[in-house]
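Working from the sequences, and respecting the hints, build out all of it.
As you go down the protein sequences, you meet chains D and H in turn. All the letters of the first sequence, read from the start, carry residue numbers 1 to 678 under the working numbering. All the letters of the second sequence, read from the start, carry residue numbers 1 to 633 under the working numbering.
Keep in mind the hints are simulated off the structure, nothing from the lab. Just so it is clear, the structure is predicted and the values come from calculations on it, not from any experiment. Glycine included, C-beta positions come from ideal geometry on N, C-alpha and C. Be careful, since some hints might not be right.
As the list claims (entries may be wrong) - No more than 25 Å apart at the CA atoms, straight line, and that leaves these computed lysine-lysine pairs for BS3-like: (1) D/K71 <-> H/K247; (2) D/K279 <-> H/K528; (3) D/K71 <-> H/K322; (4) D/K639 <-> D/K653; (5) D/K40 <-> D/K71; (6) H/K402 <-> D/K71; (7) D/K71 <-> H/K94.
As the list claims (entries may be wrong) - Label pairs and their in silico Cβ distance ranges: (8) D/S346 <-> H/A171: 41 to 49 Å; (9) H/Y426 <-> D/R355: 27 to 35 Å; (10) D/T569 <-> H/E604: 50 to 58 Å; (11) H/Y362 <-> D/P74: 45 to 53 Å; (12) H/P333 <-> D/K653: 53 to 61 Å; (13) D/R355 <-> H/P333: 25 to 33 Å; (14) H/K530 <-> D/V543: 27 to 35 Å; (15) H/Y426 <-> D/K266: 32 to 40 Å; (16) H/D75 <-> D/R355: 31 to 39 Å.
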Amino acid sequence: MASKPTVKWGFNLAILFCDIFSPIQSLLSNRHFQRDPMLKKRDDFEDVLEERRNSSDLRYALRCYTPVLYKGVPPCKSSMLKSMVLQSDQLHYVISQVSKETGRKTDEVQEEASAILDEMAHCQQLSTVRFFAFTLSKVFKSLFRSICVNEEGIQRLQQAIQEHPVVLLPSHRSYMDFLLMSYLLYTYDLTLPVIAAGMDFMGMKFVGEMLRMSGAFFIRRSFGGDKLYWAVFSEYVKTMLKNGFAPVEFFLEGTRSRTSKSLTPKLGLLNIAMDPFLKGEVFDVSVVPVSISYERILEETLYARELLGIPKPKESTSGLFKARKVLSEDYGSIHVYFGQPVSVRSLAEGRVNRRQFNLVPRHIPGKPGEDIHSFVNDSAYKLVRAQEENMVLKPWVLLASLLLQNQAAGPKEGLPLDELTAQAVWLRDLSRQYGAFLHWPDQMTPSEVVSSSLSLHRGLVRICEGKVQLAPEDPHSAATPEEKLLNQAVIVLSCASYRNQALHVFLRPALLASAIHTEVFNSFSFLRNMFSNEFILCPGATVQDFEEASYLLVKTGAVQVSQQEVVVTEGGHRTLAFLIAMLDPFLQGYQVVCRFLCEEATETLTEKQFIPAVRKFIIKHLLAGGLRYAEVLSSDLQKNSLAAFLRLGAVQKIKGYVGFDHLECLVGPPSRAQNTTL
Amino acid sequence: MASNSSGGGSDRQRIAQQRLRIIAGHLRRPVDVDSTILAAECKAQDSKTDVSSEGKTVPRRRQEIMKWNGWGYSDTKFLFNKKGQAEFTGKRYKLSGMIMPALKDWLEDTFGTNLQHKSPATPILTSSAVQPPTLNEAFVEELKSTGIPFSHDAEDRVFRAHGHCLHEIFALREGKVGRVPDLVVWPNCHNDVVRIVELACKHNVCLIPYGGGTSVSSGLECPPEETRSIVSLDTSQMSRILWIDEKNLTAHMEAGIVGQDLERLLNESGYCTGHEPDSMEFSSLGGWVATRASGMKKNIYGNIEDLVIRVKMVTPQGVIEKSCLGPRMSTGPDIHHFIMGSEGTLGVVTEVTMKIRPMPEYQKYGSVVFPNFEQGVACLREVAKQRCAPASIRLMDNEQFKFGHALKPQVSSMFTSFLDGLKTFYITKFKGFDPNCLCVATLLFEGHREKVLQHEKQVYDIAAQFGGLAAGEDNGQRGYMLTFVIAYLRDLGMDYYVIGESFETSVPWDRVLDICRNVKLRIIQECKDKGVQFQPLASCRATQTYDSGACVYFYFAFNYRGLSDPVHVFEEVEHAAREEILANGGSLSHHHGVGKLRKEWMREAVSNVGMGMLKSVKDYVDPNNIFGNRNLL
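Have a look at this one:
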C-alpha cells in the first residue's frame, strides 16, 4: 500500500538522535585519548619491478619456489581437496536434507554437489603460475613505472602464514588486483592464495581456465536460496582454511569499486572465514587487509561510463585483446600495502560468546544469530577502514579534489597553474595533519610535482593559457547539449574517482564542518547516519567519529571549542570551506534524488525504473542550470541515496515498487543544506 | 601399583609409627585423653560388625607423616642428589629410591630451569604466622562435655585450611597463612557428627567438613569474610568398614576412610570397590561422594554415582538417608544427587553403602604408540563406540610422552638399555613415527585371564587400524605410576621456580581434538601476553572415554623467574584456559568439582533456574549457613 507522497518540512528524524546527544564539552573531554593520526607508523616501500628490469624474467619465472607453510602442512592436491569437501559431515547433512525435501535420490544430489564443486574449484598449478609470473612481468613493466610493496608487511604476512590460517583481503579497484596479489606472493616466495572470483570470469573461456589454474575459484554471483550450493561453497572455503593449505583471498567489497570509494563490505565470505574460529575448529585466523592503490586506474573512463549508464561490456577474451591498446600507455605506479594481520580471536574477545555453538552439532548449518551478524559486520567495517587508512594517496588525488571544487564554484576558465600549485601545497599539509598516507615526492619542487601529475592524467585535464581545466578529450565531437553534458560528466566522474580516494581522510571533519552552524552533534549524527550507505562509517561509532573530527579540527586550529559551542576561527574558514565543498556534491545529490522522489515519482515506480528516471530528471536540471554537479549523475550515488532513504524509512519498498511514507527526512538535513538552492 | 607397594613392605613400619603416635598423643595432648575413652565407647557400638579398623593410614596429627606445605608423605620427595641427578626418596613407591637420569635435562629443556637457581620453601611453619583462634566459648564448652577430641593447635588448623591448588601450596611454601579454621574436631562415628552439627547449629558456628584434604578447587579454603568461629570437621578417624555383604556384593563404610585403606581392607576379604581416583592414597570416601569423584577404572566399576547404594548425611535439618538398599528406585528425583556434588555445603557424609566386586583374577598393563595425537583420539573414539574400553585407557600427548620418558629410572642392565634403543629405532626409523608427534595410550585390563587376553587382542586390533603399535606392558605401567608421583614432582618444580597445575574437563568426542589444541595454544599465548619469560609446558591427555565423549586432563606449568607476582599470572592463565575450555564445549568440571575456584561460571553452567533449585535446597537444608565453606553456589 504505497501511500501518496506527502511533504512535511521539519526535523523529525533529527529527534532520533537526541537521546545520544550530550554537551559538546563532555564529548570532547576525553579527546586526549585520541591518537594523533599523524603519528601512525607506516612502513617503507620497495619497488619490485626494479629487479625485474635488471634481471631475466624467464629465470625469475622458473626459479625455485619454496614458500613457508602453515605448520608445515604441504598444499593439498585439488582432487584431494574436492574429496575432503564431498566427504565432509556438513555436506552429507545438507545432501540428505535436500534429498528429503525435493524427493530426489541422494546419489543424484551428491552428483549435483560434485558438479557444483567441479565448476567452483581451483586447480592451482605451479606451471601456470610460472607462466603468469613471466607474462605479468612483461605487462607490468610496460604499464607501470613501479610496483611498490611494504616489505615489512610481507614479513609479517610470512610470520602469520606459519602460525595461523590466513585470509587476505585486498581492496578492489581493478581487475588487476588479484593477479597482482598472486604475482607479489610468488615474488616474495609466499604460499600462493586461492582466490574467490566472480563467475563472470568463467565466461572468458581460456582465460577463466588460466585463472583457475593460477588459484582462482569461481562463485556464482547470486545463489540466494540454493542450500546445496551454499553448503558446497562454504565447506570448500572452510576446508582450505581449517587445514591451512593456502591463504584464502577474497574481496570484502564484493566487487570492484567504480568510484574508488570503499564499498560497504559484503559479509558472506567473511562469515564463512570466521566460522572455523567461532566453532573452535582452529585456534585463530589471521586476517590481513591489503591496500592496493593505483596512480592511474586502468578502467578509469570505463567506470565513469558505466556509472553514467553505458553498460559494461561482458568479459570476453576478445575484449581483453582489444584492451591491448592500454599496454602502450603510462599508468604510473602502484602501491601495495600489506596491513597488520588482525587476529579474529582478538576481534571476538569480549564480543562473541562462543559457547552458543556448543549445543548443536557443528556440521548442521545454522543461521548466524544477531550477535554474530553484528560482530562480523563491525569487523568487516574495521577491516575496510584498515584498507582505507593504508591506501597511498598520490598528489593527483589532491589536485583532482581542488580542480573539481574549482569547477563547481562557477563557470570560470580553469585554475591558474601557480594558484593550483599553491593550493595543492596547502592541501598537502592539511591532509598530512589529518593522517593521510600521502606519497608526495619531497625531493621535487611543488610545481614539478603538479606538472608531472597533470601530464600523467592528460586525458582528464587541459592546460590552456596557463589555466588548468577539466576537459574532455575531444570537445567538438558532441552534437547535442546532452551529449556534451555526458562527455563532461565522464571527465568529472573520472576525476571524482581520484578525489574519492582522499574522502576517508576528510570525511569526518567534513561532516562536522557541514554541521557546525546548527546543533552540532545532532546534525553531525544525522548527516553521518544519512551517508552511511555512501561512505565507510563504522556502525555505532558516532561519538567516536565526532570526537575524531573535532580533535582534528581543533588540532589544526580551524575551530575552537568552548562550553557548549564550536566556533570557527579566523584562519579556519579556508579549511572549513574546503571540507564543506568536499561533501557538497553528495549533499546536493541526495537532495536532488529527494526532489525527484517528491516531484516525479509515482506509485508504480519500480526499482528497475528508478535509475533511468532519476537520471533523466537530473539531466534536465543540469541542462537548466539549476544543478551544478555533473557527478550527481553517478548511478552509485543514486543507488546509495535510495538505499539510505529506504533505511531511514522515508521510502518503502512494496512488492518491487518503491513507495513513500513520509518525506520529512528528505528535506530535514541541517539548515545549511536547506539554504542551498537546488 | 602404588597402593600395592605401600600396602606391602611398610606394614611393620606403619604399625611402629602408629604406636609412636599414640604415645606421643598421650604425652602431649590432654584433650585427646578423654576423647580416646569416649571414642572407644562409640566404637564399641559397632564393634560386633566392625570388619577392620586396624592399620589406619591417616593419624589425627597428619603432620606426623605428611608434608605441611607440599604433597603427600614427608619421607617421599624428588630431589637432586649431590651428583646433580634426580632421585625419588622414600620406600613407598615403585619409583622410590631410584635415580632418574633424564629428569634434569628434561626440566632444563622444558622450562629453562637451572639447578643453581633455587626457590626453596620456608622449612617450618612459624606459629606466629597463624592468627590466634576465634573460639566460640559456649560451643567449645559443650563440645568438651561430649568428649569428642578437638584441637586448636596452629599446625592442626593450618593443615585443614587448604587443599592442593597451586596458590594454596605456593603461599604455604612462603610461610603465608590466611584465614584458617579456629578449631579442628575429630568425630569418631556418625553419632559424634550428629552431636557436633547440633552444637554448631545451636551456637551458630561455621562447619567445614574435611576428608583427605586433596581438594583442587579451593574447596577447603576458609571464606575470609566468615566472622563466626570456623570448625573443621575432620572425618579421618571415621574410617571403619562396618560390614560386608557378600550375598549382595555391598559394603558399608564410614565416610572418612581413605581410598588406599578401603581397597586394602576389602582386598583382605577378597573384594574391591574398583574406585581408584588418582588421589586415592589420601582422598576419602566422603570426599568422593561430596565432589562426584571419578575413578581410573570407571569403565568396569563405574564412577562414584554408579557405585553408591545408600548415603547417610548429617545436615542442620537432621539426617538424610534412603530407607532401603534397593538397587534402583523411582521415587522422584534421586536425593543422592543432592548429596553427591554438594561439596560440603549441605552437611557431612558419615556412612556410605557401596557396591563391591570380587578382586580381579588377572590384571595386565599395556600401551600403544600412535604416530600422532589425532590418530590416538580416533582410536579411543572407536574403542568407545564398540564399547570395549579396558578398565582404563588413557591417551597422552607428545609432551606428556616425553615427560614420561624423563621419569624413566636408570636402567640396570646393558641389555634393557639396548632393548630400549632397539624399540626407539623400530618406532622412529623403521615405522617412520616422528618423535615430536607420536603419542602413547596406556591400558589396563582386568578380569578373567582368558577374557583379558581376548579383550586385549580386540583393543590392539582396533589400535592397529589407526596406525597404533603395541609398545609393551612396561610403558603402560609407568604411565599409571606417573599419576601418583606427579604431584610430588610439582613440589620439585617449585623448588626451581616452576609452578604448575592440572585441570580437567569433559567434552563431546567431536570436540576433543579442537579443545586440546585450542586450550594448549591459549595457555601458551596467555603466558606470552602476561610476560612469562619462558615457554610454558602445556600438555594434555584423554583419561576417560564415554559413549558420547571423553574426559580431558591438562597439565600446565611454567618457569616464573622474572615475574613479580607469579601466582597472579598463573591464576590469570588458568582462568583464561577455563574460559577457552568452556568456549570449546568443555564442561566446567568432570570430577574435580567447582569449589570456590570455578564458582563464577556455575550459573552459566546450570542456568538460572538450576541455580535457583540448588539455592533453594541449600536454603531449606541449611538456612543459617552452618556449612559455610561457600563452595559451589
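Now the hints, each set against the structure:
1. Among the hinted pairs, D/K71 with H/K247 is inconsistent with the structure: their alpha-carbon atoms are about 60 Å apart, more than 25 Å.
2. Restraint check for D/K279 and H/K528: satisfied, since their Cα atoms lie roughly 24 Å apart, inside the 25 Å limit.
3. Simply put, D/K71 and H/K322 have alpha-carbon atoms about 57 Å apart, too far for the 25 Å limit, and the pair is violated.
4. With a CA separation close to 14 Å, the supplied pair D/K639 and D/K653 stays within the 25 Å bound.
5. This hinted pair does not check out: D/K40 and D/K71 have alpha carbons roughly 32 Å apart, beyond 25 Å.
6. For the proposed pair H/K402 and D/K71, the alpha carbon gap of about 21 Å is at most 25 Å, so the pair holds.
7. Straight-line distance between C-alpha atoms of D/K71 and H/K94 comes to about 40 Å, which puts the hinted pair past the 25 Å bound.
8. For D/S346 paired with H/A171, a C-beta distance near 33 Å fails the hint of 41 to 49 Å.
9. Against the hinted window of 27 to 35 Å, the Cβ-Cβ separation of H/Y426 and D/R355 comes to about 45 Å, which falls outside the hint.
10. Taking 50 to 58 Å as the suggested C-beta distance range, the pair D/T569 and H/E604 conforms, at roughly 54 Å.
11. At about 47 Å, the CB distance of H/Y362 to D/P74 agrees with the hint of 45 to 53 Å.
12. At about 55 Å, the beta-carbon gap between H/P333 and D/K653 stays in the expected band of 53 to 61 Å.
13. The given range of 25 to 33 Å is respected by D/R355 and H/P333, whose C-beta atoms sit roughly 26 Å from each other.
14. Distance hint check for H/K530 and D/V543: the Cβ-Cβ separation is about 32 Å, which falls inside the suggested range of 27 to 35 Å.
15. For H/Y426 and D/K266, the hinted distance range of 32 to 40 Å is not satisfied, since their beta carbons lie about 55 Å from each other.
16. At roughly 46 Å, the beta-carbon separation of H/D75 and D/R355 lies outside the given 31 to 39 Å, and the hint is violated.
Of the numbered hints listed earlier, those contradicted by the structure are 1, 3, 5, 7, 8, 9, 15, 16.
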